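Trainee: Put the two chains together into one complex; each comes in its own frame, and the hints tell you how they fit.
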Amino acid sequence: MSGANASPTGRSHQEMPAQDQIVFTDVSKFYGEVLGVNKINLKIAPGITSLVGPNGSGKTTLMNLMTGLIRPTRGVIEVLGTRVDDPENFYRKVGYCTQFDTFPKGVTGIGLISSLLRLHGLNKKEAEARAWKAIEQARMTEAAERRIAGYSKGMRQRVKLALALAHQPSVLVLDEPLNGLDPMARAESIALFEKLAEQGLFVIVSSHILHELDVISDTVVMMSNGYIVAEGEIQDVREEMSEHPIGIIVRCDQPAVFASRAFNENHVVEIKINDDGGGVLIRTRSADQLYALINQTVLELGLTIEGVIPIDEDVHSIYTYLIGSNGAGRL
Amino acid sequence: MSANFNTWTSQAMAVLSFELRKFRSGRKWVFPVLLALGPISLATMLFIFGTRPPDNSEITQVFAVMFQTFMLRLMVMFGCALVFAGLYRGDMVTKTMHFYMLTPTRRDVLVAGKYIAGLLITSTLYCISVGATNIILHSVNGSAVAQSHFFEGPGLGQLINYLAIVVLACLGYGSVFMLTGFLFKNPAIPAAFVLVWESANVFLPAALKQISVVHYLQSIIPVPIPFGPFAVITAPASVFTSVFGLTVFTVAVLFINAHMMRKAEINYSAE
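Quick mapping for you: the protein sequence lines, in order, are chains A and B.
Using the working numbering, the letters of the first sequence map in sequence onto residues 1 to 331.
Using the working numbering, the letters of the second sequence map in sequence onto residues 332 to 602.
One chain only, chain B, in its complex shape (with noise of 0.2 Å):
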């Protein structure tokens, strides 16, 4: 058994290896980091052109605003949807999945192997994004505010809170576009639905609410924003919930994914 798990997990970081490599040189890169770059250019040209708010606790509510209604339900939910959607469809679109299906690999462990690398590339590019744009938009009033802001205030348990969401953002969303791109020839359908049902979530029943991935997050986001005179307020869940559940229908949405994976078949002509 454990001799079997070193294979596996040896495997899986092959596969994890694989990927990276082809995600740097292939130019699958551009769109997700161009996403990343893009709340980092806003906060610069906040920094360098904008007016300064007097107070760090108006930049505050300002990043939390960008992060829940930009950065969450957009660069991130997209950024999953570009990386996690290509990750088995894009192989069949090339025409390149047959080099994996030829070695001997568990299916599963292909699975985690891509899975992994997804989640990676997603956390790293959009936990760079978040973190760059927090600090630069704190830095606004200079750096002794900005310092004071982290170390002696709430900034910094704010920020790794907004990390802690992005990663499991990327660990819901991406198990969710990985199926996509197994269950859909052209997951840019499937991919928008989900967008558009996520970005809606706040306007949705409360019942309809709950099937979710952001519903979950909301426990976790350390300053919560107003969405409006239609939005439906709903208690949320506890952060034990959030996390839990997040993590238990990842698991589920991945085996999943590793039943579609072992019944997968390479013909390339259906595609």
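So that you can see chain A by itself, here it is in the shape it has in the complex (with noise of 0.2 Å):
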């Protein structure tokens, strides 16, 4: 399955040429007997990528392949246009926050990130300057000078995120980067995702806090033990699972008026007045005609509608719908 998908840039995967996109080509990766992942035909546009799946599903996996750590045991990935086996010009483009929590001994924060930019061919001046510019990006400033044996969870993950950030590349891959953060960090991470990908930075974030990660996400890729089970922009892939219907609540003046318009469609499956009586929950197999007939009903009888909401229009609803009960549980 999978949607229209669309770039920030208004461009589509089938429009945009291999060089500029991420590309994995009947890619799989076995550990010995053990599948990571398998047969993944994925295309990845500029813009914010989620990657949704329960423990073990293949995220990291998938992550790590698109990274060149782990060599895929059949197929290929090109990153933009480049692979792995070329590590000068491969790893310019690309940068990687992993979910290692693991740190040189002794080190301090700014020490690991100019250190390791030395090797990006800066000088110590460059690299210095660039390491604080990312340090401040990930709000690390005050703790930079401090040994990373001392941070907490919070702020280990934003010296790999300044890590990740600090040579610029075009490509950040970010593994579980709201793990360990606070509510205001984790908005604030967010808000750098979005100013990135606004950037035209192709971000590619696994979470398990979805409902935070489904606001800013162009695309999402759904996998379970090893496949992609769903990938595209959250409202095509939703609106494709036309076995699955939608639940809609209409909060309007006349509940009662609107539900008996409804009962007479054949994509509307449930209708039911809220308990205040304040509204009505529609589940339709085609939300694009429950919103027509909405219009059409404002227009025809007066209906003042107060507001019109999806409730399961998000990852983890398709989620759940897709895999089942049991995935979705260990999201």
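Honestly, the hints are just simulated from the structure, not real lab data.
Given the structure is predicted, the values throughout are model-derived calculations rather than measurements.
A few of these clues could be false.
To give a feel for the contact side, a few chain A residues facing chain B, derived at Cβ under 7 Å [as the list claims (entries may be wrong)]:
{"#": "1", "residue": "Ile70"}
{"#": "2", "residue": "Arg71"}
{"#": "3", "residue": "Thr98"}
{"#": "4", "residue": "Gln99"}
{"#": "5", "residue": "Thr102"}
{"#": "6", "residue": "Pro104"}
{"#": "7", "residue": "Lys105"}
{"#": "8", "residue": "Gly106"}
{"#": "9", "residue": "Gly121"}
{"#": "10", "residue": "Lys125"}
Straight line, CA to CA, 25 Å or less: simulated SDA-like cross-link-like pairs of lysine to any residue [unchecked claim]:
{"#": "11", "chain 1": "A", "residue 1": "Lys43", "chain 2": "A", "residue 2": "Thr102"}
{"#": "12", "chain 1": "A", "residue 1": "Lys133", "chain 2": "A", "residue 2": "Ser28"}
{"#": "13", "chain 1": "A", "residue 1": "Lys93", "chain 2": "B", "residue 2": "Pro435"}
{"#": "14", "chain 1": "A", "residue 1": "Lys39", "chain 2": "A", "residue 2": "Thr73"}
{"#": "15", "chain 1": "B", "residue 1": "Lys594", "chain 2": "B", "residue 2": "Phe575"}
{"#": "16", "chain 1": "A", "residue 1": "Lys39", "chain 2": "B", "residue 2": "Ala595"}
{"#": "17", "chain 1": "B", "residue 1": "Lys359", "chain 2": "A", "residue 2": "Glu198"}
{"#": "18", "chain 1": "B", "residue 1": "Lys359", "chain 2": "A", "residue 2": "Glu145"}
{"#": "19", "chain 1": "B", "residue 1": "Lys594", "chain 2": "A", "residue 2": "Asn38"}
{"#": "20", "chain 1": "A", "residue 1": "Lys153", "chain 2": "A", "residue 2": "Glu188"}
{"#": "21", "chain 1": "A", "residue 1": "Lys125", "chain 2": "B", "residue 2": "Ala443"}
{"#": "22", "chain 1": "A", "residue 1": "Lys105", "chain 2": "A", "residue 2": "Thr82"}
{"#": "23", "chain 1": "A", "residue 1": "Lys124", "chain 2": "B", "residue 2": "Lys594"}
{"#": "24", "chain 1": "B", "residue 1": "Lys426", "chain 2": "B", "residue 2": "Met344"}
{"#": "25", "chain 1": "A", "residue 1": "Lys153", "chain 2": "A", "residue 2": "Glu198"}
{"#": "26", "chain 1": "A", "residue 1": "Lys93", "chain 2": "B", "residue 2": "Ile597"}
{"#": "27", "chain 1": "A", "residue 1": "Lys105", "chain 2": "B", "residue 2": "Met376"}
{"#": "28", "chain 1": "B", "residue 1": "Lys426", "chain 2": "A", "residue 2": "Met184"}
{"#": "29", "chain 1": "A", "residue 1": "Lys124", "chain 2": "A", "residue 2": "Glu145"}
{"#": "30", "chain 1": "A", "residue 1": "Lys153", "chain 2": "B", "residue 2": "Met423"}
{"#": "31", "chain 1": "B", "residue 1": "Lys594", "chain 2": "A", "residue 2": "Thr102"}
{"#": "32", "chain 1": "A", "residue 1": "Lys153", "chain 2": "B", "residue 2": "Gly421"}
{"#": "33", "chain 1": "A", "residue 1": "Lys105", "chain 2": "B", "residue 2": "Val361"}
{"#": "34", "chain 1": "B", "residue 1": "Lys516", "chain 2": "B", "residue 2": "Leu347"}
{"#": "35", "chain 1": "B", "residue 1": "Lys594", "chain 2": "A", "residue 2": "Glu188"}
{"#": "36", "chain 1": "B", "residue 1": "Lys359", "chain 2": "B", "residue 2": "Phe409"}
{"#": "37", "chain 1": "A", "residue 1": "Lys39", "chain 2": "B", "residue 2": "Thr338"}
{"#": "38", "chain 1": "B", "residue 1": "Lys359", "chain 2": "B", "residue 2": "Thr338"}
{"#": "39", "chain 1": "B", "residue 1": "Lys426", "chain 2": "A", "residue 2": "Phe100"}
{"#": "40", "chain 1": "A", "residue 1": "Lys39", "chain 2": "B", "residue 2": "Lys594"}
We put the beta carbon where it would ideally sit given N, CA and C, even for glycine.
Mentor: Pasting the structure below:
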């Protein structure tokens, strides 16, 4: 299942040349006899792409493959036209905030980032300037000169984010970047991801905190047991799931009137007036047709609409439909 | 090509600098430094409490035995095993190898930087140890006798030879132990095998003798020592063969190291 993906630049995957995308072609990865991911065919355009799936679904494997930390057993991965066999070009384009929560002993935040920036060919002064800029972006300035060993989980997460950003990559891969962050820091990080995506970067994020990513994701890739089960813009994915009706609450002044109109529509499968009498829950196989019906009813009967709220057009609900309660329960 | 070479050089230097910082900041330095301090402490004890041999030739012989048995076959070898085997495997065990692997650095440049760091650490530590031990031992009969030994006798030449052997040993053992770090999850077992093999070298048949680093170092040893009645005597290789052979051997092993690094994957859960 795949939606018609459009990047923030307005171009669909099909229109974009392969060297402007991240392309997985028939990629599989096995750890001995254990499946990591299987038969992945995927194109990722600029913008924010969320990887969604329970533990063991293959999200981290997919990210490690994308960033060259592991090699595919079969298939080819190209990131903006470059392969990992060419590390000198590949890693100038890619920044990866890994899930590994380990650091070399005795180093400070700024020391780690500036030392590793020297490997990008920068001299000491340039490396330090870039490192400080990245540290500021990740809002770690005050603790930058302290040893990482004394950092909290959230601070370590921010240092990893700063490190991934420091060399100004075009592709930013973030494995659970919101883990360990307090709500304020999570909001700041999400705002940063949005800003980077607006600048044309590829931001690929995996997270368990789905409702926060929902809002900002351009595309979602849903994984289960090493396979991609759905991919595309979140609304498109939802709309293609005709076997699972969408729930929409219509808050209005005459819910009974609207319910009677909706009752005659073939796409409507369930109608329930709210207990408070101020709205009606409708489950439909076609959200577009329901929205058209709302407009028509307003025009014809003069209803006052206070709100139209899709109740399950989020990643978690879609994942639950696709994978079932067991899979979703571990999200 | 020149621009590339400059980039590779600066990247190798950056790896070197980061490795030195890690060596200093962590506790990796403790055992290699303790090993280096061993002979110095022994020489100091002899200097303070030991009976003083009447002339320098006897002291030279004592040092030669100490160098070949303890310093070369234990201190340098074991120290190299500790430092070089950890260059790759240590980063895998501490789950920090990915920091390097995510940089735009050729894998062979990464190997070169790490290897040079190991070479610098071990050569410096063990050259200081050998030099200091030699000077302390030759100073037991006073500074005038020591000065005469070093500047009018064979002392300085011998010392330079010993230091060259230490550097060559670090060069050869370094590449071998770095490779064991790539090939084995627990490099202690192959390292122990190499230690035993090299230590038992004098008792091996001539053909097997040649498959060891210590055999090629014999020709540069300034003061030979008897290894007892069970030692197998063979003609030592020429100085040229030794130095050239060891260098070619080291480059070949480093080439394999670079190949391993190119194929390396970061899968810490398999460690």
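Trainee: Against this structure, judge whether each hint is valid.
Mentor: Hint check:
no.: 1; hint: Ile70; verdict: 5 Å, holds
no.: 2; hint: Arg71; verdict: 6 Å, holds
no.: 3; hint: Thr98; verdict: 6 Å, holds
no.: 4; hint: Gln99; verdict: 10 Å, violated
no.: 5; hint: Thr102; verdict: 4 Å, holds
no.: 6; hint: Pro104; verdict: 5 Å, holds
no.: 7; hint: Lys105; verdict: 4 Å, holds
no.: 8; hint: Gly106; verdict: 2 Å, holds
no.: 9; hint: Gly121; verdict: 5 Å, holds
no.: 10; hint: Lys125; verdict: 13 Å, violated
no.: 11; hint: A:Lys43 x A:Thr102; verdict: 31 Å, violated
no.: 12; hint: A:Lys133 x A:Ser28; verdict: 38 Å, violated
no.: 13; hint: A:Lys93 x B:Pro435; verdict: 9 Å, holds
no.: 14; hint: A:Lys39 x A:Thr73; verdict: 11 Å, holds
no.: 15; hint: B:Lys594 x B:Phe575; verdict: 29 Å, violated
no.: 16; hint: A:Lys39 x B:Ala595; verdict: 23 Å, holds
no.: 17; hint: B:Lys359 x A:Glu198; verdict: 45 Å, violated
no.: 18; hint: B:Lys359 x A:Glu145; verdict: 22 Å, holds
no.: 19; hint: B:Lys594 x A:Asn38; verdict: 21 Å, holds
no.: 20; hint: A:Lys153 x A:Glu188; verdict: 16 Å, holds
no.: 21; hint: A:Lys125 x B:Ala443; verdict: 24 Å, holds
no.: 22; hint: A:Lys105 x A:Thr82; verdict: 33 Å, violated
no.: 23; hint: A:Lys124 x B:Lys594; verdict: 30 Å, violated
no.: 24; hint: B:Lys426 x B:Met344; verdict: 22 Å, holds
no.: 25; hint: A:Lys153 x A:Glu198; verdict: 28 Å, violated
no.: 26; hint: A:Lys93 x B:Ile597; verdict: 19 Å, holds
no.: 27; hint: A:Lys105 x B:Met376; verdict: 35 Å, violated
no.: 28; hint: B:Lys426 x A:Met184; verdict: 29 Å, violated
no.: 29; hint: A:Lys124 x A:Glu145; verdict: 16 Å, holds
no.: 30; hint: A:Lys153 x B:Met423; verdict: 21 Å, holds
no.: 31; hint: B:Lys594 x A:Thr102; verdict: 23 Å, holds
no.: 32; hint: A:Lys153 x B:Gly421; verdict: 23 Å, holds
no.: 33; hint: A:Lys105 x B:Val361; verdict: 14 Å, holds
no.: 34; hint: B:Lys516 x B:Leu347; verdict: 23 Å, holds
no.: 35; hint: B:Lys594 x A:Glu188; verdict: 38 Å, violated
no.: 36; hint: B:Lys359 x B:Phe409; verdict: 14 Å, holds
no.: 37; hint: A:Lys39 x B:Thr338; verdict: 38 Å, violated
no.: 38; hint: B:Lys359 x B:Thr338; verdict: 29 Å, violated
no.: 39; hint: B:Lys426 x A:Phe100; verdict: 7 Å, holds
no.: 40; hint: A:Lys39 x B:Lys594; verdict: 22 Å, holds
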